[in-house]
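If you read the sequences in order, they're chains A and B.
Going by the numbering used here, the first residue of the first sequence is number 1, and it counts up by one from there.
Going by the numbering used here, the first residue of the second sequence is number 1, and it counts up by one from there.
Certain hints may be false.
Below 25 Å or equal to it, Euclidean Cα-Cα: the simulated BS3-like pairs (lysine-lysine) are [unchecked claim]:
id, chain 1, residue 1, chain 2, residue 2
1, A, Lys171, A, Lys45
2, B, Lys15, A, Lys239
3, B, Lys12, A, Lys186
4, B, Lys23, A, Lys244
Residues from chain A that keep clear of chain B, each with C-beta distances beyond 10 Å, as calculated [unchecked claim]:
id, residue
5, Gly15
6, Glu59
7, Gly149
8, Val189
9, Asp197
10, Glu234
Selected chain A positions facing chain B (Cβ under 8 Å, derived; list incomplete) [unchecked claim]:
id, residue
11, Gly52
12, Tyr53
13, Phe54
14, Gln55
15, Gly80
16, Gly81
17, Pro99
18, Ile102
19, Thr145
20, Arg146
21, Asn148
22, Val150
23, Lys235
These are computed hints drawn from the structure, not numbers from a lab.
We treat Cβ as the ideally placed atom computed from N, Cα and C, and that holds for glycine.
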Amino acid sequence: MNRFEFTKIRVLETGHNSGSWNMALDEVLMNGVGDTPILKIYGWKPSCVSIGYFQSMNEEVNVEKCKQVGIDCVRRITGGGAVFHESELTYSFISRNYPQSIMQSYEMVCEMLILTLKKLGFDAKFSPLNDIIVGGRKVCGNAQTRKNGVMLQHGTMLLGVDVEKMFSLLKVPKEKISDKAIEDVKQRVFGIGKKFDLVANTLKDSASETFSADLSLENITQEEAAATEVLDLEKYASKEWNFKR
Amino acid sequence: MKNLANIFKAKKLIKISMSYDDKKNVIGSIKITGDFFIHPEETLESLEANLIDTKLERNEISKKVEESLKNSEAFGFDVNSMTDAIMGCLKNE
Chain A
1 MNRFEFTKIR VLETGHNSGS WNMALDEVLM NGVGDTPILK IYGWKPSCVS
51 IGYFQSMNEE VNVEKCKQVG IDCVRRITGG GAVFHESELT YSFISRNYPQ
101 SIMQSYEMVC EMLILTLKKL GFDAKFSPLN DIIVGGRKVC GNAQTRKNGV
151 MLQHGTMLLG VDVEKMFSLL KVPKEKISDK AIEDVKQRVF GIGKKFDLVA
201 NTLKDSASET FSADLSLENI TQEEAAATEV LDLEKYASKE WNFKR
Chain B
1 MKNLANIFKA KKLIKISMSY DDKKNVIGSI KITGDFFIHP EETLESLEAN
51 LIDTKLERNE ISKKVEESLK NSEAFGFDVN SMTDAIMGCL KNE
């Protein structure tokens, strides 16, 4: 059982939305969260490449190619690397109560994800600092930020992997786009091959079990929706934000 | 001013690009990017600002990096590897 227990967790299943909207809602929820932590479960439509806060969009992403094939590009508020979001379940966990140690707080949230994978039949393990692996292969990457006493951790659970497509959208050095390099990546990552809804339901059960919490299944409020629309347009869809580095 | 760049593999990748005044041996401006983590994130902007007008010498750079990171937690690099990444620009001059 997790050392951290919550009376209740507010669960938001927000569906599949654009990269800028997803990131805007994360920030809105972070700004407004009370004592009840929030578990947000979501996907991306259209598919999206997100980059870490410290990365350069032009250095990491083939922006022209993404435009051609209708794929979003967005900068996250968290560090880490570029991620191609397509066949995956994404979550955000937002809380005012968390271990001060960064490592321990990753472990706290990842415990719920590891339980999810175990319930789905996978022998998952935490791989510090911020990954979860199955059979030595990465199945879940996570990233975290803290602002004004609130921790946000978001991450992805891979359902499927299309390495060739991912390589076509990221600026991978030409010498690395070999059959061997593609095969190497395939050997290092793992898609669990389960349906989104099954994983989402299992994640909710696991969150309740991990934190001994009741779940409050809710929709975002009208105020949250309105604030998200504004932040989407003014920040996360803007060139100023996405190309700031 | 010369434009210098370096890509350095610490635990995570650090990419440096800078303008460099080779007559005065100082950094004119610098951009640091990569897939690392720093908490709080704004620390990187402070580090970049603090490095402006700093001599491109190992001790000077190391001191500025250490000072800038003192109230933060970084994952994927440390003071030494960030200093190596910045000093490595000279090899690519």
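Exercise. Can you list which hints this structure breaks, lowest number first?
Worked result: 4, 6, 17, 21, 22 and 23
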